[in-house]
Every structure is written in structure tokens, then in C-alpha cells.
Amino acid sequence: MTAVENEKSTVTVTIDGVAIEADPGELLIDAAERHGTYIPRFCYHSRMKPVGMCRMCLVEVDSGRGPALQPSCMIPVSDGMTVDTESEATKKAQDGVLEFLLINHPLDCPVCDKGGECPLQDQTMAYGPGESRFVEEKRHYEKPIPISDTVYLDRERCILCDRCTRFADDVAGDTLIHFMDRGNSTQVNTFPDEPFASYFSGNTVQICPVGALTAKPYRFKARPWDLEETISTAWTDSVGARVTVQSSRNQVLRLLGVDADAVNWGWLSDKERFGFEALNSEGRITAPMARTEDGLAPTGWAPALVAATDALRDVDPGRIGVIGGARLTNESQYAWTKLAKGVLGTDNVDAQLGDGLPAGAVLGLPRATIDQACTPGGTVILVGPDPKEDLGALFLRLRHAVVNDGTTVIELTPTRTGLSTIATHSLHPRPGEVGLLAAALVDATSGPARDAAGVSADAIAAAAASISGPVTVVLGRASVADAADATVDAAIALGRLDGVGFLSALRRGNVHGALDMGMAPGLLPGRVPLSAGCDAFDQVPAETGMDTVAMLEAAAAGEIDVLVLLGADPLADVPDADLAERGLAGAGTVIAVEMLPNASTLAHADLVLPAAAPTEHAGTFTNLEGRVSVAEQKVTPPGTARADWMIAAELALRLGADLGVESPESMRAEIAAISPVHGVLTEAALADGRVEGVLIAGSSIDAPTASGSTAPANDAYSLRLVASRRMYDNGTMLQASASSAGLAASVKICLNPVDFEKLGIDAGTVVKVVSSRGELMAPLAVDHGVPAGSAMIPANAPGSNANALIDASAAVTDVRVERA
Amino acid sequence: MPTHDYVAHAPGYVDNDGPKIVTSRLVHEDSHTLERYEATNGYDGLRRALDRTPADVHEEVRNAVVLGRGGAGFPAGVKWGFMPPGKFPYYLVVNGDESEPGTYKDRLLMERDPHQLIEGCLITCYALGLSQCFLYVRGEMPAAQENIAQALNDAYAKGYVGKNIMGTEFSVDITLTWGAGAYIVGEETALIESLEGNRGMPRLKPPFFPAAIGLYGQPTIVNNVETLSNLPWLMLNGSEQYKAYGSEASPGSRMVAVSGHVNRPGVYEIEQGVTTFRDLFYGDNFCRGIRDGHELKMFVPGGGSAPWFFPEQLDLQLEGRAVGAEGSMLGSGAIMVMDETTDSVKAALRLVRFYARESCGKCTPCREGTTWEERILQRIVDGEGRPSDIDKLLDIADNISPGPYPVAADPAQGLEAVPFPPKQTTICPLGPSSVAPITSTIRRFRHEYEAKITKRDSIPVMSAPMASDPVEVS
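Going down the list, the protein sequences come from chains A and B. Reminder that position 303 of the first sequence reads as 303 in my numbering, one-by-one numbering, no gaps. Reminder that position 379 of the second sequence reads as 379 in my numbering, one-by-one numbering, no gaps.
Calculated directly from the structure, the hints in this document are not laboratory data. By construction, the Cβ of each residue, glycine as well, lies at the ideal position given by its N, Cα and C atoms. Heads up, some of the hints might be wrong.
Unchecked claim - To give a feel for the contact side, a few chain B residues facing chain A, derived at Cβ under 7 Å:
| id | residue |
| --- | --- |
| 1 | Q132 |
| 2 | L204 |
| 3 | K205 |
| 4 | S359 |
| 5 | K362 |
| 6 | C363 |
| 7 | T364 |
| 8 | E368 |
| 9 | G369 |
| 10 | Q378 |
| 11 | N399 |
| 12 | P419 |
| 13 | P421 |
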């Protein structure tokens, strides 16, 4: 044997007489498929551990001891292996397995949603016996049974492939469905009185190889052969999960996850999957509206645009504000930045609502990708929200990395999160003091540990000792009840770790696109500061403008004449309800560009311009890694709604300026030309990266500076408030999604058992929660995941909004619980 | 000369003139106590083992060729050698989930001589350098669980189990656990799953056998109760004495449990590879002939999973390789004898029903195929069979176990034997086991099937109405 042969990195396998090269350790079923030989399968799924249960992928394999039937999903290739996928024995086995699978299958294909896209149908046609010899009565179950609010299970159709149960157990970690009984009576079911209440339940519907699992939003809505589809990007959070949007008769009916290797691996959270329902809802704004004495009334585009330009014309740029924009496509964001900063000349533009992080914390620190965060043997430090609640697909990736690849997770979060059960260390700092904890953690990697933020030196030392491999900090706002300063300080401290990367956990759909397109005070498109200027803009604001909180304060003081809300609901989202109310009331003209009316629009907008939804116009989104991916148009907008960028261009024209934007393509070309970092964003690159997207790297934004602020000590009678997001809340889009609206749990105040005992009030009792800013009523609950001394109220939960208690100018929020 | 017969306190055990390697204490009423055990060379085998090096003890077992008594008949000493070096911890798991139809020998050993089993575990742990053993006892055997628990407590108290056994550096913990009532957990990988707290479903092997990746992903040796019960005697008397019993290929003794139509059914310790089926069924020292002067029609030679034998195979010695070549297996040593009054179709149905009920449901051919077989057989027995059913049964069998199924020779039809084992499209051998009664009986007694199908007195219907269904009366 020569040296070259010794070093051969592949193995040679002969499949149906053709020699192929495969990677050592690769499963035979994958190696065959890569080389054009599809082996039929039901239970095998490339993103889950193989189980070899359905036996459909049996092929005749000869590894030197004579041919034998082997499940190709369980057999790694080995050098010299000979495989016959078409031998008589293989065909007989496949034929037999299909006959077995069909004997108890109801064959109700004409009324089954899966009919037409059903692997069982397809493989029966291709490999099956054609005729059944089964004359007995088939197995019967009640059909279908709801196993959750969105998912129905038809056990008669089920072929017991273990895909849904494996997903729930291995991938999502929500072991809520399982096999019950045995032998011929084996069935998938939930545990008694415990529904399949998983944020990820929709994935089981997508991977079900038969029509056993169906999702409420799609049941009996269409036949697969009537569906048209296009590729897009999920817009309900910032992970940028890739999806196909499927429609029939100009209506979006279903979203399916697309397996983007760098992003979501085909998985979606239910919020991403079923969020399209909001776009089809009756409440969509279909025509411009203007405020009259009787409230908002429909009007035409011409009068609405006239009114808008009249309001904007000749106003001091410093008295114009633009809040929101994270919902928009990159192109629309660019157009709106160009309008606001280049035409109107204001720098008061902020896509975040005081609940995010300064741009420098996202653009000014070394960034990491999801893949880098999931490096086998690496470490993830979570300083941010619960990814399971806010960024579902990212949670699944992180969970996979921890469970399968030995990635270490260290949480520095105010409460327990969805990662806590698999985290190596969960350190819960007092709210507002995560910066101190992070500094102590970093110091403990090279010196003695000290107590910090209510966490013991021992715990910090143990966590510091567990840091290994490349470190990625997942950075976001864990709670809106304390200021962003502490999080920024934590980021700066953790930045001292060798080779650390930061993965942003800002949650809003295209908030990272908004930052890249300059929708933040002091920024211009292309991750550059105002001082860099922009060749494509007629003018650039001279001074850094106001952020959302400052704009609202100015508006409350009567210093804002025109306030534009780009898909923003300050009343619900700004962590200071009182300020939001005063700001909106004090602003001159409020112009809302919206898909659905929200509380702020309904109460304060003078003019509402209807916007097209992500499936209704073409564009691109930027995810939390800085990855740009396409969102293609599938249907037409309702009524006269139009793309946000068109509205910006129209307003500019009427103000006597030409934005020079004609199409998403022309805007992308302009962005690529003027941006120092978007040069790679060519149409060719987007076409190549149709699934994976195009990663935009680099930035000219400075890292943030330490605030040096410290949280004041709280008195013995107060609890420090944590207000964190839940996947299902009272958000406008979610509440407009029929099947998800009811899933939002109503508000409650969660206390550690220690604090709960002190109160002496029964759980479930409605109590009054009082802060220096305001008060709200909420039922009391015990939660072991909340540390003693803290109180947790979900942000924007139905019932009462925690932001009523929060003062945007305070470092932390202290509350007292009183008998109602 | 004592009266050799049934031993009252050891149900089913027949005390005869055979070898007494594992059954020596069963005649004593207090055989399960530590006092009796210590009085009858108890723990002396371990003492001998501890005086030698672990490798030496392993070599002694390898040299004795102690064949596994659970069913597969694989030499224990060789199996022990499959554990990858250096991948600690190793585990020993004792398979006491005896549930093969017809088998009741391990139960006797667990109930009546638990210390012998414990000593066997300790010798194994010492030979392999491991410190944790799990004793998995069938859920339906409370007496075995209780006696083993008592024995373990006594052995711990006396320092035979636990830390620094007999004052040496050798320490072992033995954990007793029991099943929840599933036949398939007798299969070693399903047993490991059950032990881990999961549903008792077999793992696919290859690629990985428990010796490489077993309990909690660690190298694990799974041995049968009777196999380990041989070791104290072996340590005390040496492999040469052990090999004085039995044949060259199958040394030592083994326990067989005979049931069915013989005059004296029971558990016998016999010499492996020497005693023939004819000796066993007709010998005065054994079963003393077919009951009431009837004729032997057929017998199952090695548990419910074994293809059936007929009078032509009577002179075969109870020796694994020979029985395998003749188309069946010795398996767990359960022998079921049927005389000419037995309806072969009903007998087949009875066993197939067992496998259909006990299928774990993991893989398709077994989950669907075994129940389908049962329903067709039931239909035939109910007089609603169809002429096509016989070939259909054989083809379903072929889809579970492809190719010629192991079967005994039938000189009358000029048919030769198909050697054991069967091939399988399933994960574990449960599905193929359900095929054995069908292929065995159809090949030999096809006319009995045909008679039931053609001489039926009712008209077959697509499906029988439920008994509780209301009947329309016009």
C-alpha cells in the first residue's frame, strides 16, 4: 500500500455496481443519496438520530461476509462495502414493509391533508406491492384527537416512525408525546391531562411522513398540488429562519421550515410557523386612514400623502422623529433612512423601542455566527433573554450543541431559562448587576473569585473554571425592567476573554437589518457613523439624534412636531408606559405605517398608511448574525397597502426629492455601492445563497463604553423587578393569529418561595404591584426559577403590561406587593 | 438409594442421578440461606478466585468453554473478551428476566440458590475488573426478588459484597432491580434500555454490541443466571473437571425444563451433548415416556422461539451445534412435548399469539406481521380460513424472516433440514421467532391446515362482527 492510499480520507463503496467515494462514518443512506441513489425511508431524518425502526431502508449490504439485508440509515459506510438497492431480496423486503405499513393504514387519502405530498403514498407507488392481501378489520382509534391547541393527531394514519416523538424528546427537549402500549396497539399520545404544549410542535407536523399530525391553520385548506411556493425568511424573530411560503388563490396558507445548514436546520418555532395567520386576518389595514372627530376613518392615498407631506414640509429636522422599522425589509429600511436622514435631515431615527441595546453593543463588538456559538467543545455565555422564549430556532441549535456536541452553557440571567436544565452553570445576578457578575467571572478566569451581584465566589469560580474552547456571548436584554447599561457593561467585561465573539439576541424580526441600514441615532447605512457620510444622500444630519426614549420625552415636552411610527407600538413595547402615553399625546402629527392597527395607532395616530406584509412584497432580511437572506413576494397586498419603501419614495417625491429607488434590486445595488461592508451583497451572491443567505461581516462602529452605573440598593420591603418576554404575548401580530392568540398566558407575578412565604398570601390571589412609576394588578404565583429578592412579571402579557411599573430613566425597578 | 423425585420446596425440580454442578443445593429446604450456602462450600469459589489474578480467572472460564445458557449459547469467556480496554466503567448485567415460553430453570436458581448466583457475579466482576453489577429479575417473580434481596443483604452484612470483599482490595456493588412485565426485555439490549428507565425496546446490533456500547453507553457484559451460577463450582473444581462432563464442543451440564405430554415433566440438570432427546423423554432417570401411552407427535427443543422437531430428531444429542445444523436451537433449554392428540394449528396459534402480544412495536415487520399472522391463524381455527391463507402465511413469514426458514428434515417428504439461525428484516429475533411455529407446522402438517379450511362449516366473511354488535331482526 502506498503512502497516498494510507492517507485516503474517503472510503470506496460500490452502490448498484457504481463505485462512489464516501466520508468515513457517513451513513449509507446519506452517501447513496449524495450520489443519486435514493433509498426509501420513513423514520430516518437527517437532523435526528437514526433509529432503524421502519425498516423501509433495508438494502442488501455485503461488507465481506456475504450479502445481508441491513437498514441503510444505521450502517456507516466502510471501505469495500458492496450495496445492492435493487436486488430481489431488497425489493421483496421493501415490498413487504410497505404492505405491513399499509395493512392498518386507513387509506383515507382523498380526505387527508397529506395526500399529494405524502411519503407513504409516494413510496407505495414507487416500491409498494400495489395490492393488499389483508382481509381483516383494520385497527381503529378515535380520529383525530387534538394533542395541543394547534396540532391534531390521527392515530389510524400513524405508521409509528418515531419522528415526532424523537423531535419532541431529542430536539426540543419537550418530552410531551411518547409511545404508549405495545406491539400492535402501540400508539403515539400525550400523557393524561398534559397537552403537547411545545413552542416547537409545528415541526412534528412538517416531519410526519403521513397525515397523522396536522396543524389547525392548514387543515382542509388546500390540496398540495394547488399550492404555489417561494422561499422566504421568517419575520417574527431575528433568527432569520428560512421558510417556504405556500399559497393558493392569492392567500398564504402554510409556512414550512427550510433546512439552512447555517441557520435553522429546517426547524421553526410555532410563532414563526403560524405567524402568517396575522397577515390573513380580517384586521389588516387595507386603505389609508385619517383621524376625524369619529376616530380613524378610511381615506384615499392621495389625500393621505398630501396630509403627510403637509405635516413634514418645512419642519425643523430636530422636531421630526421616526420610531420603529424593525419590521421592514432591508430595502425599505434603506429607503426610510434615506428619507429621514438624507431628505428630511433628522437623525431622530430609532428602530428599537428602548427595550434593546445601543448599536455599538451589536455592531461594535466582534460578532459570532450561530455555527460559531455551537462549536463542539466551545462555551456559550448567555447574557440576555431566554432563547427558548424569544429566539426559538436559535434555542434548538444551542440545545443540540449542548446535548450532542459538548458545548458548555453558562447563564448569567436574572431568572431560570429554557437552557437552565442543560446549562453547566446558571448564575442569577440581582437585576441590573449583570455587569458586575460578568466582570467577576472574567476576573475569576485568571485570579481569585469574589462575590458579585448576589452570586457567591464559589459559584463564580466554578463557572469560570468550566469555560473552555471558543467563547461566544449571546447578548441581549434579559429584562426590560432594568436599563441596558448593565448588559453593555457585561459585554465590555466579557470582551476581555480571549477570542470571544458576540451573537446578538435582539429579538425583533429585522432589527439587525435596521441597524445595518442606519435606523439608529448616529448611524448611516453600511455600519458607519454619521461622520463617515453617505454618497447617495443629499445631506447627512450633523449631530447625533435622539433615541426612542429621548424622542418620547421630547414629544411629551411638546418638542416633536411629526412622529412617524414604522410598525411600532410604543404603548405596548416601550418599557415605560407612562412615558409612551405622554410622548404620543404630546407629539404633533403622528403618522403610522402599519399592517395591523395596534394600541398606539388606534389611540394616537393622525394618519395611518397601510403597509404590505413580508409575503406581499420582495426584499431581504438580515438576521442576528448579520446574514442577509431573501424574502420573496408570494401574494399581493390587501386593498391598497403597499411596500414601505414605496411609501418612503412617494413621500420624498412629494417633498421635492427623488430617493432614486425603483425596485428592491436597485436599492440593493445602491446599498452594495455605498456600504463599506455590503459589497458582497450582489444578486449573484443572493442567488447562490438562496438557502443559506449572505453573511455580511465587518463594521466601522465603535464598541460601547462602560456606563459605570451601579444599581442602587433596594430596601428590605421591595423586590427587584424582572420583566422578560414570553414567546406568546399580547403583541399585535400574535393576537391577530387565530391559532396562537389564546396561547399567551395572562399576566402573573412570580416570586421565589422564600419571598412568597413572607407575604403569606395564597397563590393565585390577585395582588397589587406598586412601583415608583405606577401599579398593576396580577395574580400571585410561586416560581422556583426566580431568585429570592426578585419578582418576575412577563412583559406585555395579556391582562396588565409590566411596562406600567417601569421608569425608563431608572437603572432598576423596585416593586412592592400589596394585598388588593 | 434415595428416592429421586420432585423436591417439594423447589417446584418443578427433579432430583435424579445427573450431574450437580448448579443444582447441588436444591434438595435442601434451606438452600436459599447463607447458613446452608456457607455449609456447602459457599463462597469458596470466590475465595479461590481472589487468590489468583483476574486474567487467570478469565482464562479458567475461557478454557472451560462455559456456553451461555440464555439462548444464543455463546461462550461466556469469549464474550468477556469483547470489552474494549480502558473504557471504564464497565458493567455486569445479570439477565434474570427469564420469560421464554416453557422456561423455568433460572427461576429455580434465583429462588432456591441466590448466593450461588451472587458468587458467580462476584467472580465475573473480579475477572473483568469491574465494580458495579446489576441484577435484573423478571417482574412476575416476587419470590426470586425477595430471596435475592435477602441473600444480598446477608452477603453485604458478611462482607461478601460491598467494599473490600474478604479483606481484599476488591469491591463490588450489586444492585437488584426488576422488570415491568415484558418478554422482550429478556433480549439483552431491550433489558439495558429497561434498566436505563426507557421503554423495553431492543437496540439495533450491529453496529454496536453491549460489550462495546451498553448500559449508559459503557461496555457491558450481559450474562444469564444459569451461566453465572456455573462459576462457583468451576472455580472450586477447575476447568478440567468441568470438561469431564458433557461433550468436547459443549462441556459441562445444563438445565432443561421439560413440559407437556410426558409422564414426569420438570427441570433436569443433564450432561450437555451426551443426553439425547430420546433419553430425556423416555429414560427412567428423566421424563419416563409420553403420557398415558400416547405417541410423540412433535416437540419444541429450545423454547418458544425454536423451530419444532419431530420423532425423526429424537436421537439427536442435546448439543447446540448439532441441533442448529438440524434446523432448530437449544435456546434456553425449554422443551415442550406434544403427543398425537395435539392440534398443530391450534398449538401454532397459541405460540404466535404470545409473540404478537409481546412484540414491543418498535419495528414494522414484527409489530404488524405478528398480529396479522395471529389473526389469520385465528380465522383458520375458527373455520373461516381461505385456501390462499396458507401461502399468505408463508409469505408474511418470509417478509419477517426472508429466505428459507430453519426447519427440521422430513424424510417422508424427502425434505432436508434448513440450519439455524433465520435471517430477519426486524431489529431483534422476536419477529422471526413468531415464524417458527408457522413454518414448522405448515411444512409438516399442511393437511391439518387444509382440513380446517376446506371442511369449514361457515361461510368466510370479510371480518367477523363484534360479539357486542346489535343484530338486525326484520
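Okay, the hints, checked on the actual structure:
1. Q132: It is violated, given that the least Cβ distance between B/Q132 and chain A is near 24 Å, above 7 Å.
2. L204: holds, 5 Å
3. K205: Since the shortest Cβ distance to chain A is 10 Å, the answer is violated.
4. S359: holds, 4 Å
5. K362: holds, 5 Å
6. C363: holds, 5 Å
7. T364: B/T364 check passes; min Cβ-Cβ to chain A is 5 Å, inside 7 Å.
8. E368: Result: holds, 4 Å to nearest chain A Cβ.
9. G369: Interface hint status for B/G369: holds (6 Å vs cutoff 7 Å).
10. Q378: This hint is violated: B/Q378 lies away from chain A, its Cβ roughly 9 Å from the closest one there, beyond 7 Å.
11. N399: Holds, about 3 Å.
12. P419: For B/P419, the interface hint is violated, since the closest Cβ of chain A sits about 15 Å away, which is over 7 Å.
13. P421: violated, 12 Å
Violated hints, in rising order: 1, 3, 10, 12, 13; the structure is consistent with all others.
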